[in-house]
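The lines below spell out each chain.
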Amino acid sequence: MPLLTPSRDVQRPAAAGAAAPAIELVNVSRRFVTPEGKAMTALRDFDMVVGQGEFACVVGPTGCGKSTTLNLVTGLARPSAGEVRVMGQPVGGVDPGVGFVFQTDALFPWRSVLDNVAAGPLYRGVPRKEAYEKARDWIARVHLAKFEQHYPHQLSGGMRKRVALAQTFINEPKILLMDEPFSALDVQTRTLMQDELLALWSGTGASVVFVTHDLEEAVALADKVYVLTAGPATVKTVFNVDLPRPRVMSEIRYDQHFVEVCKVIWDALREEVQIGQQRTMDSGH
Amino acid sequence: MTDMTMPSRAVPSSEDIETAARAALARRKRLVVGLRVGILVAVLAGWEISTRLEWIDPFFFASPSGIFSQIAIWITDGTSQGPLWEQVLVTLEETVLGFLIGAVGGVACGILLGRNKLLADVFSIYIKIANSVPRVVLGSIFIIAFGLGMASKVALAVVMVFFVVFANAFQGVREADRAMIANAQILGASPVQITRTVIIPSAMSWILASLHVSFGFALVGAVVGEFLGAKKGIGLLISTAQGAFNANGVFAAMIILAVVALVVEFAITWVENHLVRWKPTPFHEQT
Ligand SMILES: Nc1ncnc2c1ncn2[C@@H]1O[C@H](COP(=O)(O)OP(=O)(O)O)[C@@H](O)[C@H]1O
Ligand SMILES: [Mg+2]
Numbered sequence: 001m002p003l004l005t006p007s008r009d010v011q012r013p014a015a016a017g018a019a020a021p022a023i024e025l026v027n028v029s030r031r032f033v034t035p036e037g038k039a040m041t042a043l044r045d046f047d048m049v050v051g052q053g054e055f056a057c058v059v060g061p062t063g064c065g066k067s068t069t070l071n072l073v074t075g076l077a078r079p080s081a082g083e084v085r086v087m088g089q090p091v092g093g094v095d096p097g098v099g100f101v102f103q104t105d106a107l108f109p110w111r112s113v114l115d116n117v118a119a120g121p122l123y124r125g126v127p128r129k130e131a132y133e134k135a136r137d138w139i140a141r142v143h144l145a146k147f148e149q150h151y152p153h154q155l156s157g158g159m160r161k162r163v164a165l166a167q168t169f170i171n172e173p174k175i176l177l178m179d180e181p182f183s184a185l186d187v188q189t190r191t192l193m194q195d196e197l198l199a200l201w202s203g204t205g206a207s208v209v210f211v212t213h214d215l216e217e218a219v220a221l222a223d224k225v226y227v228l229t230a231g232p233a234t235v236k237t238v239f240n241v242d243l244p245r246p247r248v249m250s251e252i253r254y255d256q257h258f259v260e261v262c263k264v265i266w267d268a269l270r271e272e273v274q275i276g277q278q279r280t281m282d283s284g285h
Numbered sequence: 001m002t003d004m005t006m007p008s009r010a011v012p013s014s015e016d017i018e019t020a021a022r023a024a025l026a027r028r029k030r031l032v033v034g035l036r037v038g039i040l041v042a043v044l045a046g047w048e049i050s051t052r053l054e055w056i057d058p059f060f061f062a063s064p065s066g067i068f069s070q071i072a073i074w075i076t077d078g079t080s081q082g083p084l085w086e087q088v089l090v091t092l093e094e095t096v097l098g099f100l101i102g103a104v105g106g107v108a109c110g111i112l113l114g115r116n117k118l119l120a121d122v123f124s125i126y127i128k129i130a131n132s133v134p135r136v137v138l139g140s141i142f143i144i145a146f147g148l149g150m151a152s153k154v155a156l157a158v159v160m161v162f163f164v165v166f167a168n169a170f171q172g173v174r175e176a177d178r179a180m181i182a183n184a185q186i187l188g189a190s191p192v193q194i195t196r197t198v199i200i201p202s203a204m205s206w207i208l209a210s211l212h213v214s215f216g217f218a219l220v221g222a223v224v225g226e227f228l229g230a231k232k233g234i235g236l237l238i239s240t241a242q243g244a245f246n247a248n249g250v251f252a253a254m255i256i257l258a259v260v261a262l263v264v265e266f267a268i269t270w271v272e273n274h275l276v277r278w279k280p281t282p283f284h285e286q287t
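Keeping their order, the protein sequence lines are chains X and B. Okay, so the first sequence: first residue is 1 according to full-length UniProt numbering, each after it adds one. Okay, so the second sequence: first residue is 1 according to full-length UniProt numbering, each after it adds one.
I should point out that these hints are in silico values taken from the structure, not numbers from a laboratory. Just so you know, even glycine gets a beta-carbon here, dropped at the ideal spot from N, CA and C.
For each label pair, taking beta carbons as the anchor points, the in silico distance ranges come out as:
no.	chain 1	residue 1	chain 2	residue 2	range
1	X	G37	B	Q171	24 to 30 Å
2	B	E175	X	R78	23 to 29 Å
3	B	Q171	X	A39	29 to 35 Å
4	B	E175	X	W266	38 to 44 Å
5	X	Q89	B	V213	47 to 53 Å
Listed next, the in silico SDA-like pairs over lysine to any residue satisfying Cα-Cα at most 25 Å (straight line):
no.	chain 1	residue 1	chain 2	residue 2
6	X	K129	X	H150
7	X	K134	B	I181
8	X	K129	B	G188
9	X	K134	X	H150
10	X	K129	B	T197
11	X	K174	B	I181
12	B	K117	X	F32
13	B	K231	B	G243
14	X	K38	B	D121
15	X	K174	B	G188
16	B	K128	B	S205
17	X	K129	X	L144
Chain X is faced by these chain B residues, among others (derived, beta-carbon under 10 Å):
no.	residue
18	D177
19	I181
20	A182
21	M204
Make a model of the complete structure from these sequences and hints.
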């Protein structure tokens, strides 16, 4: 069955030759120095290639180094060794083409929904009128038109996530990084948000790296799933997911092929999760 | 299913319950206010009677009627150092000036050091030392340096305010959420924009909390400064009365000071409530 191809070779064939891949991590390592002065390695010999317009998911045990990987792509952190390239260029600071959706609430609580969504264009020097027009448009696209003047604390968790999506998408990022964005939501809301995300993403041509610890979420969303080893993280296996798009999140989980794909990837992931758990238990005194 | 067939007549409607609860609440409120007024009246009456019957000496312990007539004289005839309103205004002016300078300086330094790790590491030791000096003692130095005029009182009020506001602003900046800062950065904010739109608003509740207490400190600074040496002000009123063994005058000045402090306190609370609109209502205020 050629539908599912575990492979380390993820470079797209000839067609991609013209355009550089959206994101490239080449042999990247990232070490932290703890406050006690000890060095610890979070990423080791990490290779990753995400083509333009591709949706990549990253799964791995908790604490293995997934967030660290994303931070390297944003330019907020530098690799200790190796190179990180975005659109063929080495990363040297925050790239305006990058958008990031955080796991925790990163909205500005003192700003209304409208002001939160308009923040990106305003920071980037777009005239106020235009910025707010654009913000209204994006708020309508995430179905929050009635809540423009609300403050984040007046919204539900799912609504706040919609605001966060609008806030990110309004900048029209070419690269969209998402760090367990839906992990704090209940299952029904999460399914809705996944659909919402795919709807917003389709047609933008943006490349996505979506970190999650939920394997089913990864398979449902991704073109390609990276399974990481328990820390220090390195790529264990890359799986191509060839489920047809558009996908409907509430139905895909009953799809026979989906279930098969999950099983195959889980076989790779399980081992790492067990190692990760063993470690937490060992260090848990 | 006996529960379901209970006669509904026996169950009071929710409206009845609400009316009863509201009535109980009103009764209780009346009781509290009544008791408060009662205690005040009892204390004042006891004080007045004791001095009239000379159980205690009104010369040392003053008397409510004496204090009242002292205030009345100050209002109608003015004090020995000029009209009463002038004393109040002078003290208020010193307080407000000292408060503004101290607060602005404290906020500015707090944000600067909060945003710059090196500056914070270098200066933290000096700030600790300066903070450990009892600030009222500085009043004497300021009077020597700046004279009996307004400047020395303003200076004392400034140092009273500065450290409190500084410490809170610094802490507020440090507590600003990492993810929120990273979010602003990725959305395209420059360092200045981050300070203005993320750091300052998130430190704002800390800063406001400190402004609240530090206005009181500014008032203390101004009054103590006047007490130590001045030409005008409520503090001087107290020290003059004290010098003349006028117990009524000391109490009268204290009451005026308390009224001023209360009015200002209300004003600050009002400003606070209008500045921090985005905050969720605390649970105890929700109904
Ligand atoms: N700023 C930091 N300083 C020191 N150690 C860090 C820092 N950030 C992350 N780490 C460590 O790196 C490892 C990977 O963290 P992270 O990338 O957040 O994991 P994940 O997102 O996969 O749960 C963890 O062991 C974490 O403790
Ligand atoms: Mg993480």
